[in-house]
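Q: For reference, the chains in residue letters:
Protein chains: 2
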Amino acid sequence: MSTNNKVMRDYPRNKVARLLEPGPLVLVTTAHQGKSNVMTMGFHMMVQHDPPLIAFVIGPWDFSHKALIETKECVIAIPGVDLMQESVDIGNCSGSETDKFKQFNLNRLDAEIVKAPLVEQCLANIECRVVNTQLSAKYNVFVVEALKVWVNGNRKEKRIFHHKGDGTFSLDGATIDMKARMTKWKEITD
Amino acid sequence: MSTNNKVMRDYPRNKVARLLEPGPLVLVTTAHQGKSNVMTMGFHMMVQHDPPLIAFVIGPWDFSHKALIETKECVIAIPGVDLMQESVDIGNCSGSETDKFKQFNLNRLDAEIVKAPLVEQCLANIECRVVNTQLSAKYNVFVVEALKVWVNGNRKEKRIFHHKGDGTFSLDGATIDMKARMTKWKEITD
Numbered sequence: 002m003s004t005n006n007k008v009m010r011d012y013p014r015n016k017v018a019r020l021l022e023p024g025p026l027v028l029v030t031t032a033h034q035g036k037s038n039v040m041t042m043g044f045h046m047m048v049q050h051d052p053p054l055i056a057f058v059i060g061p062w063d064f065s066h067k068a069l070i071e072t073k074e075c076v077i078a079i080p081g082v083d084l085m086q087e088s089v090d091i092g093n094c095s096g097s098e099t100d101k102f103k104q105f106n107l108n109r110l111d112a113e114i115v116k117a118p119l120v121e122q123c124l125a126n127i128e129c130r131v132v133n134t135q136l137s138a139k140y141n142v143f144v145v146e147a148l149k150v151w152v153n154g155n156r157k158e159k160r161i162f163h164h165k166g167d168g169t170f171s172l173d174g175a176t177i178d179m180k181a182r183m184t185k186w187k188e189i190t191d
Numbered sequence: 002m003s004t005n006n007k008v009m010r011d012y013p014r015n016k017v018a019r020l021l022e023p024g025p026l027v028l029v030t031t032a033h034q035g036k037s038n039v040m041t042m043g044f045h046m047m048v049q050h051d052p053p054l055i056a057f058v059i060g061p062w063d064f065s066h067k068a069l070i071e072t073k074e075c076v077i078a079i080p081g082v083d084l085m086q087e088s089v090d091i092g093n094c095s096g097s098e099t100d101k102f103k104q105f106n107l108n109r110l111d112a113e114i115v116k117a118p119l120v121e122q123c124l125a126n127i128e129c130r131v132v133n134t135q136l137s138a139k140y141n142v143f144v145v146e147a148l149k150v151w152v153n154g155n156r157k158e159k160r161i162f163h164h165k166g167d168g169t170f171s172l173d174g175a176t177i178d179m180k181a182r183m184t185k186w187k188e189i190t191d
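Note that the protein sequences, when read in sequence, are chains A and B.
Our numbering applies: residue 2 is where the first sequence begins, and numbers increase by one.
Our numbering applies: residue 2 is where the second sequence begins, and numbers increase by one.
Be careful, since some hints might not be right.
Stated by the list, open to error - In silico DSSO-like cross-links for lysine-lysine, where the CA-CA straight-line distance does not exceed 27 Å: (1) Lys-16(A) - Lys-157(A); (2) Lys-180(B) - Lys-159(A); (3) Lys-139(A) - Lys-159(A); (4) Lys-73(A) - Lys-139(B); (5) Lys-139(A) - Lys-185(B); (6) Lys-180(A) - Lys-157(A); (7) Lys-139(B) - Lys-187(A); (8) Lys-159(A) - Lys-159(B); (9) Lys-187(A) - Lys-103(B); (10) Lys-103(A) - Lys-185(B); (11) Lys-149(B) - Lys-73(B); (12) Lys-67(A) - Lys-116(A); (13) Lys-139(A) - Lys-73(B); (14) Lys-103(A) - Lys-180(B); (15) Lys-185(A) - Lys-139(B); (16) Lys-16(B) - Lys-187(B); (17) Lys-103(A) - Lys-67(A); (18) Lys-139(B) - Lys-67(B).
Source of the hints: derived by calculation from the structure; they are not laboratory data.
The structure displayed is predicted, hence computed values, not measured ones.
Construct the complete structure from the given sequences, taking the supplied hints into account.
A: What follows is the structure in structure tokens.
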């Protein structure tokens, strides 16, 4: 694991919806008993802005499930379109058999608060701690708090991509600014 | 309210992730005490494929909250890019003051199972029933089951759009097919 060499820059955690609400396919890292792992996750949502809460689905079929339950920590990393193929492949093999960081040439960076690593090649990394497991046994839903958010300051390609639920993926196209129409929700446009 | 005149066609409910996992901005309709309402919602996710469960956040600041709690039913409707401006404006006014279907020229169609209406102009409509409210008081999170799914058979423009969390919206760009790499998740690509 490398120290965080200033590739990743502080980002206000109460604005984490700007990273997750668009619905990107994401990676999740965990660290447990001296080993770290990375998985791909499609089912996640924002729960509230401040303090920032996120809900997601990780089940016992995921090798990271045990690490998440035992450490109550993870990092949600957001890959750009340049990591699309790797992100799909990461979701189609298991950390029980391989060190996926090595296999996919991903650099681990130290996080500030949690033991799970940041992924240097990603657009952003969100350090998370589990705050609610009431729906974990029944639905595999975890609610986490975003403790610290990092964005990669070195990237020009900032497009994310979305899983269309069937093994096809859509890339971000044009962006349309409707801030002037957000009269009821002014505070989120600042 | 019009009867469903075959604009909306049956869609397999265990494939509803194909509509929601990409992260569209969505509309939600409710019906309560003889009145229907429509709101805009950004925080939602798939929970499981089959039976299909969806989680979302609707809070007491939303006029639809009371209808959702009292009827335990709603319809999640997915607008295409042609409804982007209307969807933003629907999210910036309240059903306590106006009939938003009339104001925005949206046609209500009868749903099959729930009393909340389908929205004819949308790409798809998902009839939902609340199945879990354990996180509703604390986080305004509801878990619903998709009872019946409809897709609009009359549309050529099928692109969705995503809220980037700050009043800007991204349109779907190119689609990339990676079905052949989904070796672990073959069943979802069928």
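Q: Taken at face value, is the distance from the CA of Lys-67(A) to the CA of Lys-103(A) at most 27 Å?
A: Holds: Lys-103(A) and Lys-67(A) sit about 21 Å apart, inside 27 Å.
Q: Check whether the Cα positions of Lys-139(B) and Lys-187(A) lie no farther apart than 27 Å.
A: holds (24 Å)
Q: Hint check: Lys-139(B) vs Lys-67(B), CA-CA at most 27 Å. Holds or violated?
A: This hinted pair holds, its Cα atoms lying about 16 Å apart.
Q: Please verify whether Lys-103(A) and Lys-185(B) have alpha carbons no more than 27 Å apart.
A: holds (20 Å)
Q: Please work out if Lys-139(A) and Lys-185(B) have their alpha carbons no farther apart than 27 Å.
A: holds (23 Å)
Q: Keeping to a limit of 27 Å between CA atoms, is the pair of Lys-185(A) and Lys-139(B) held or broken?
A: Holds: Lys-185(A) and Lys-139(B) sit about 23 Å apart, inside 27 Å.
Q: Within a Cα-Cα threshold of 27 Å, do Lys-103(A) and Lys-180(B) meet the stated pairing?
A: Status holds; Cα separation ~24 Å.
Q: Holds or violated: are the alpha carbons of Lys-187(A) and Lys-103(B) at most 27 Å from each other?
A: holds (25 Å)
Q: Hint check: Lys-149(B) vs Lys-73(B), CA-CA at most 27 Å. Holds or violated?
A: It holds: about 15 Å lies between the C-alpha atoms, which stays within 27 Å.
Q: Run the distance test for Lys-180(A) versus Lys-157(A): straight-line Cα separation, threshold 27 Å.
A: Holds, because 24 Å separates the two Cα atoms, which is no more than 27 Å.
Q: For the pair supplied as a hint, Lys-16(A) and Lys-157(A), is the alpha-carbon distance within the 27 Å limit?
A: holds (20 Å)
Q: Compare the distance between the alpha carbons of Lys-139(A) and Lys-159(A) with 27 Å, and conclude whether the hinted pair is satisfied.
A: violated (36 Å)
Of the hints listed earlier, the one the structure fails to meet is number 3.
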